[in-house]
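> Spelled out, the chains give:
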Amino acid sequence: MIDPRLVLLLSAVLFSLGVAGVLLRRGAITILMCVELMLNAANLAFITFARLKGGAEAQIYVFFIMALAAAEAAAGLAIVIALFRLRDTTDVDEINLLRW
Amino acid sequence: MNLIAFYVFALLIVASAITVITNRNPVASAVALAFNLVAIAAVFMLLDAQFIGLLQVIVYAGAIMVLILFVIMLLNLREEARAHPAGTFQRVLGPLATLVFAIVLGRAVYASAPSSFPEAAAGFGTAGSVGKELFTTFYYPFEAISLLLIVSMVGAVLLAKKKLS
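Residue numbers (our numbering), protein chains in the order written: chain A, 1 to 100; chain B, 101 to 265.
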């Protein structure tokens with residue numbers, strides 16, 4: 001049978017890859033995609049614990065995280081579009097409106 | 101059988117996640133991410149959470165990925181430019197910090213779980229059992245999240261429409 005520790009390890013690796021992406025990439029949309037990777041790693045851990053504990057609560061948290069990810073993607077991409085109109089780039093090194 | 105399937109999907113998940121963060125072309129990253137999300141949905145199904153697995157395919161791999169791809173096409177993004185020399189520090193320290201983080205996190209979660217799953221309860225992960233809980237115990241959070249979705253939808257329309265000066 002599947003070892004729960006391995007699933008949790010997979011979720012930790014996935015989360016770390018998302019963190020690495022956010023640290024290393026400079027395209028704003030790619031960074032948003034890496035945030036999705038991290039949210040999915042959290043979902044994977046939630047489902048593992050749901051299966052260990054046996055209730056429906058953790059699955060409902062995953063449901064809420066999915067709705068949250070949809071809201072985040074819509075708002076984040078709208079901000080990227082607005083920034084692209086303003087600066088003609090999505091490179092986060094070029095976007096320094098709030099930097100003093 | 102389940103174990104072999106899990107290893108195959110775990111490999112696909114890690115490989116496609118690496119593709120997402122290393123590919124310079126945003127469209128290739130987005131397609132790799134869609135692949136990643138479907139593989140995660142398969143792992144959900146292996147863990148008997150069929151309803152959440154289906155939602156993952158419909159909401160994530162369907163709706164959210166189409167939104168991201170649509171914006172990439174809309175902005176007509178080219179390949180990401182090479183890092184300028186000032187970014188060298190970041191490119192060395194970023195992976196290093198991530199590696200340390202991965203080791204700490206991995207050890208912590210590995211120690212936090214038993215080595216085998218208990219027998220699944222009857223009806224675990226079906227739309228019926230999740231839906232019943234969702235519309236009784238979690239009824240108010242459910243309404244709140246629908247409000248959040250409407251707010252973010254209106255916000256997205258406003259933000260994308262307005263001309264910033």
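Think of the hints as simulated: they come from the structure by calculation, not from any bench. Every value quoted in this text rests on a predicted model; they were computed, and no experiment measured them. Certain hints may be false.
Listed next, with one range per pair, are the computed distances between beta-carbon atoms [to be verified]:
no., chain 1, residue 1, chain 2, residue 2, range
1, A, L97, B, A220, 48 to 56 Å
2, A, N96, B, G223, 32 to 40 Å
3, A, L98, B, F235, 41 to 49 Å
4, A, G55, B, E179, 45 to 53 Å
5, B, T122, A, R99, 39 to 47 Å
6, A, L97, B, P214, 29 to 37 Å
A virtual CB, placed ideally from N, CA and C, is assigned to each residue, including glycine.
> Could you run down the list of hints and mark each one as holding or not?
Against the structure, the hints:
| no. | hint | result |
| --- | --- | --- |
| 1 | A:L97 <-> B:A220: 48 to 56 Å | holds (51 Å) |
| 2 | A:N96 <-> B:G223: 32 to 40 Å | violated (53 Å) |
| 3 | A:L98 <-> B:F235: 41 to 49 Å | holds (42 Å) |
| 4 | A:G55 <-> B:E179: 45 to 53 Å | holds (46 Å) |
| 5 | B:T122 <-> A:R99: 39 to 47 Å | violated (28 Å) |
| 6 | A:L97 <-> B:P214: 29 to 37 Å | violated (50 Å) |
Violated hints for the displayed structure, listed by number in ascending order: 2, 5, 6.
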